[in-house]
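Visitor: Produce the complete structure using the sequences and hints provided.
Protein chains in written order, with UniProt numbering: chain Y, 1 to 482; chain X, 1 to 482.
By construction, these hints were calculated from the structure, which means they are not laboratory data. Note that CB positions come from ideal geometry on N, CA and C, so glycine has one too. Be aware that one or more of the hints could be misleading.
Using 20 Å as the maximum straight-line C-alpha spacing, the simulated EDC-like pairs for lysine to aspartate or glutamate come out as follows [to be verified]: (1) K111/X <-> E342/Y; (2) K3/X <-> E342/Y; (3) K40/Y <-> E179/X; (4) K247/Y <-> E282/Y; (5) K40/X <-> E342/Y; (6) K3/Y <-> E342/X; (7) K77/X <-> E282/Y; (8) K40/Y <-> E66/Y; (9) K3/X <-> E179/Y; (10) K129/Y <-> D153/X; (11) K129/X <-> E179/Y; (12) K3/Y <-> E282/X.
Distance ranges between label pairs, derived from CB positions [to be verified]: (13) Q163/Y <-> S37/X: 42 to 52 Å; (14) S146/X <-> E373/Y: 17 to 27 Å; (15) P370/X <-> A57/Y: 39 to 49 Å.
2 protein chains.
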Amino acid sequence: MWKPDRQSKQPLYEQIADHLERRISYGEFPPGSLLPSERKLAEQLGVNRSTVVQSFAELRSMGIIESRTGSGTRVSKYKWGITPKHTPNWSRYAEGGSFLPNQPFMRRIRKALTEHPSLIDFASGELSKDLSPIDEITTLLNEPQSISYLGYDNPQGYTPLRQALVSYLRDYRGIQTTESSILITSGSQQSLYLITQCLLSPGDAVAIEDPSYCYSLPMFQSAGLRLFRLPVDQDGARPEDIRTLYKKHRIKMVFINPNFQNPTGTVLKAEQRIQLLNIASELGLPIVEDDPFSLTAYKETPPSPLKSIDSTGSILHIGSFSKIAASGLRIGWMVAPHTIVERLADARQQMDFGLSVIPQQVAAQFLKSPYVEPHLDRLRMNLLFRRDLLIEALEKELPGLVCYTIPQGGLHMWCKLVPKVHDGKLLEEAIKNGVVFVPGSVYGSDSGFVRFTFARPQVEEISSGVSKFAKALQNLTNNRRE
Amino acid sequence: MWKPDRQSKQPLYEQIADHLERRISYGEFPPGSLLPSERKLAEQLGVNRSTVVQSFAELRSMGIIESRTGSGTRVSKYKWGITPKHTPNWSRYAEGGSFLPNQPFMRRIRKALTEHPSLIDFASGELSKDLSPIDEITTLLNEPQSISYLGYDNPQGYTPLRQALVSYLRDYRGIQTTESSILITSGSQQSLYLITQCLLSPGDAVAIEDPSYCYSLPMFQSAGLRLFRLPVDQDGARPEDIRTLYKKHRIKMVFINPNFQNPTGTVLKAEQRIQLLNIASELGLPIVEDDPFSLTAYKETPPSPLKSIDSTGSILHIGSFSKIAASGLRIGWMVAPHTIVERLADARQQMDFGLSVIPQQVAAQFLKSPYVEPHLDRLRMNLLFRRDLLIEALEKELPGLVCYTIPQGGLHMWCKLVPKVHDGKLLEEAIKNGVVFVPGSVYGSDSGFVRFTFARPQVEEISSGVSKFAKALQNLTNNRRE
Ligand SMILES: Cc1ncc(COP(=O)(O)O)c(C=O)c1O
Ligand SMILES: Cc1ncc(COP(=O)(O)O)c(C=O)c1O
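Guide: Right under this line is the structure:
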């Protein structure tokens, strides 16, 4: 993002006025459109509000913008062209479509992180740079690369990657499949998107866990689905609840994240898995198994996927490199019956014509390299270390103020706050104090929870991050008492 | 795709039976699901139908599959599990969703190309391998690469790529913009998809050219849009038609491919551009300018984009590397007002969390390299050469049987056939004779046209491809006379 140059001789307000004039003349802010507020711009550009006030005054004096009290500052319609012209009402268009915007809390967090990169980040659900196999991938990239094809590829995904995944799924996840039944997607996210868009119709009822990562995704509501809750306790979701929902609402699909669930860290109990599969096959009900975390199991063997014991072909199994290697690779996959893979591969042609061959080639090389096992070992050890650092910090900084179950895998810790505080206020106060987290309400119906992702901050940030969080919590609870 | 091993001692039919049994046991063909027909399988596996008949007999004798006359061969429900279990009705699910499947002709072509890779390909709208800068990209990849970040990236796209595009758009396309107004997408395709999904609502009326690439995309119908035609003649679409459509149907957006239009190769006339922009701004109507071909202009300077003379911010400008570098990179971009870029970046988070950093890094390196200009020169020269080869072959093989306007840029040649033949029959006959093309009806309402992509086949295939096509045409017209 552009920032004014503090070394330059040109005054800041002039630089900003020039920059805005340029963007207006390029059509980025068309005639009649609303500019960001003075306060917002000042925050984005890292200057005093008074500087922006001066820049706006400058642009106003040139007739480029107009301000009216209460309705903000707009680009003038008359300056640009001899006769008054109409510009499309872009903000109306931006409200169109069936796509709901992202969760306000998620947008707020993203914005805070963009504007203040120094915030300690317990919010982004991913690995920190040093936990990703960046060196390994760089080494692979620096081996002589040859590209044999750069045309439109098979819409199911790059064949050598699908072949490598057949071995990977067999060796690491106990899943037997062939390359014809694998669809490569842009992370698990695109697998979920394809399922909700192409296999379900608006009005269909589906069951999702509560709390669940899925609630953070307006994707489900955008697709017009009716969502029903499967409460998650220490042993995961209760399969009997599925039968009840089926009877009541004719649910058409179940979304489940059985291993180190996001956000709770829960592992679905072995008996419940069998029961779940029995109910699914009894009802002819498809289950989407979203399984990105299993290989992070800190000490035990990773839990087996439902897919590995699915004898009726009821499971759509989704995996990803995001949580065990790097989210910026954007490589995920789905293992599904042939009809479904064909249908989704066909539909995705209309959306993006498939993924770039290059990261798929890198991912295939990584899978075939000797780096996978050592990387996973290192990852597990480091995650465990960070989890313990987080627990230590919570015990020190927030004694008696948080409850949690200690997760045995995954990137997150799900904490119930003992003091009652307002989700949004706590987030704002935390941002002020230099730390972000995800308010639990993003993941479903219960409030008073917080998700801390301990995989994302630097090791040395964990304890100071918690202390900043504690400060924020204290500020709020103190204020309330006053 | 799996094929039986002809070197193996195990008989072909047994290998096929084993392979099918494995896939059935993996759940790829769940109990009760339909297997491909014997004829289809034989074609896919490159064996005689009688071999597949034998494999099916083998599987039937083991109780794994069941055939019933008239309803095909299904996986047995009773073999797998002690009690009969239900498998989700996957084919019903595959029919769900608002996503229409791809055009039957397009599916047919893709299938033919997968099964018979030796077909001469006048159908795929892309560059052949030797026209893509694969060597240049390989060289760049083989320079020491460093990856500094592999996390979830800015949803607008990798910043260095957006920065490189600012210079590229200025130098090559005369477009002034800043990185804040660029959205990186998976080719132009995803830009179109985001626009139809997020800025328009079901029931909205839009105008598209006729013929147009857009008609080949069920994307528009999937979004529930009502499509209205802007007939394209030698000078492109007539802007006055837009006013008429607006009055009649309140169209909300216009999609246009003004430079070397796909499929006709037409360039929108200069006067009509000004008129178009005037009408757009008069009506406050947004125009989507899909501009992938301009830099292929064989001899003249590439036509300027509408965006470069858009003073009211009415244009959403879409570009891509697919037609000037390599479609497998999957890198495209949109230049749009700020509000729109923000909205689409937010929505695409729900679909795929953005593109992989790696191809974006490669694309940025390519743009900053000294390779762009020489590559484009070579590309233009080669396209011109191929275009002339195609014309020569058409004149020789089909004298008086085709009419066309000679394109001055782009990858395609749009030909009207003088003899009246059935689109689908001609395609089948062509496939039999070893060549594929796209039937003109895929692009809109007029029939009796054919699109030949001369950029895709090898140079030495062009004349033999046309002669195979001529043979197919002759077979059909002769048959008819009998
Ligand atoms: C349970 C779960 N599923 C899917 C995703 C999407 O991740 P990706 O698309 O990067 O694989 C996430 C990311 O947070 C997740 O936690
Ligand atoms: C006019 C036009 N627009 C868009 C596309 C989509 O191409 P891509 O997504 O590869 O940029 C094509 C491809 O054929 C095209 O011809």
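Visitor: Please write out, lowest number first, the hints stated earlier that are contradicted by the structure.
Guide: 11, 12 and 13
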